[in-house]
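Position chain B relative to chain A; hints supplied.
There are 2 protein chains.
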Amino acid sequence: MKKLLFVPFFTLLAFISTATYSETVLNAPNGIKYPTGLENWRVLGTSYRTDNNTQRVILGNSTAIKASRSGKTNPWPEGSILAKLVWKNVKHPNWEEAIVPGNFIHSEIMVKNSSHYKTTGGWGYARWIGASQEPYGNDEAFSQECFSCHSKVKNKDYVFTIPAQTP
Amino acid sequence: MKKLLFVPFFTLLAFISTATYSETVLNAPNGIKYPTGLENWRVLGTSYRTDNNTQRVILGNSTAIKASRSGKTNPWPEGSILAKLVWKNVKHPNWEEAIVPGNFIHSEIMVKNSSHYKTTGGWGYARWIGASQEPYGNDEAFSQECFSCHSKVKNKDYVFTIPAQTP
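Protein sequence lines, in the order shown, are assigned to chains A and B.
In this text, residue positions in the first sequence follow our numbering: the first is 871, and each later residue adds one.
In this text, residue positions in the second sequence follow our numbering: the first is 871, and each later residue adds one.
These aren't lab readings, by the way, just hints derived from the structure by calculation.
In this list, chains with the same sequence are indistinguishable; a pair is considered to hold if it fits within one copy or across any two.
DSBU-like cross-link-like pairs, simulated, lysine-lysine; straight-line CA separation at most 30 Å:
| no. | residue 1 | residue 2 |
| --- | --- | --- |
| 1 | Lys-961 | Lys-936 |
| 2 | Lys-961 | Lys-1024 |
| 3 | Lys-936 | Lys-903 |
| 4 | Lys-1026 | Lys-961 |
| 5 | Lys-958 | Lys-1022 |
| 6 | Lys-961 | Lys-942 |
| 7 | Lys-958 | Lys-1024 |
| 8 | Lys-936 | Lys-1024 |
| 9 | Lys-1026 | Lys-958 |
| 10 | Lys-942 | Lys-988 |
| 11 | Lys-903 | Lys-1024 |
| 12 | Lys-903 | Lys-958 |
| 13 | Lys-1022 | Lys-936 |
| 14 | Lys-942 | Lys-1022 |
| 15 | Lys-1026 | Lys-942 |
The following block holds chain A by itself, in its conformation from the complex (with noise of 0.2 Å):
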């Protein structure tokens, strides 16, 4: 156990950030798989919807952390996923100026792989609904629903994240 500490640090949060996929949460109907551990990613923002009255942070994994962090996300790179965890506003109880996260609404995930995802801009779309993490869709046609929204930010990677700025 002594040789860890002589381990750097990165390959160390590299081996931690390969990506492993829950054998519980259904797939979504176009293939995505969950990612286990999506809880535990880091953070690239945080957005607060005033048309659908939620609240959200948005996490990355390790190729989109290290692509936020030196600027290069447009285009971002190939394996960047990009995930929100979405909840629904309410007042905080002690102190009502503060919208805070109420019921969990969904996570939702877009995958960079553009030869595979040609017909959605390079991203591959998944959500999963509430608590027990339901596949959206019925079939592969909802990424298109996704898609459009995203079309907006076209010129963004259709990415509609700007990562926040941390010191």
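Leaving out everything else, chain B in the frame of chain A:
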């Protein structure tokens, strides 16, 4: 290196989560040091503030994350560190109903050490302003300002953050 594959995941995680402190960011006036790599910590929640037009992500060190995921946060365990990264709210340029992080405002932490911080409910407070991370407060008395607000949630061990539900 092959042996690494057999080291349990949480052993690795605990190793990575061991706090180190910045040698460039100045200590808060009460002596609290800025933990390096704060921006890599895992998410406890998010918050959108209507009173000061900011949004924030709340992160935890490994002690805090372990406590929140096992529902043991009242009291939070000794050694817990909660951190907030705070940004000004701005409208997303391509989706105006989405309010997203603008300029970085400050980072702040609260550190649980019941014996050391008896006069502020067992928590030590610190804040660093802006991208340059200037310590907030002229002298130790600044902590009373933090403590005054946090006393509203004395029955939650002085913590406003309600860990967000994740799948």
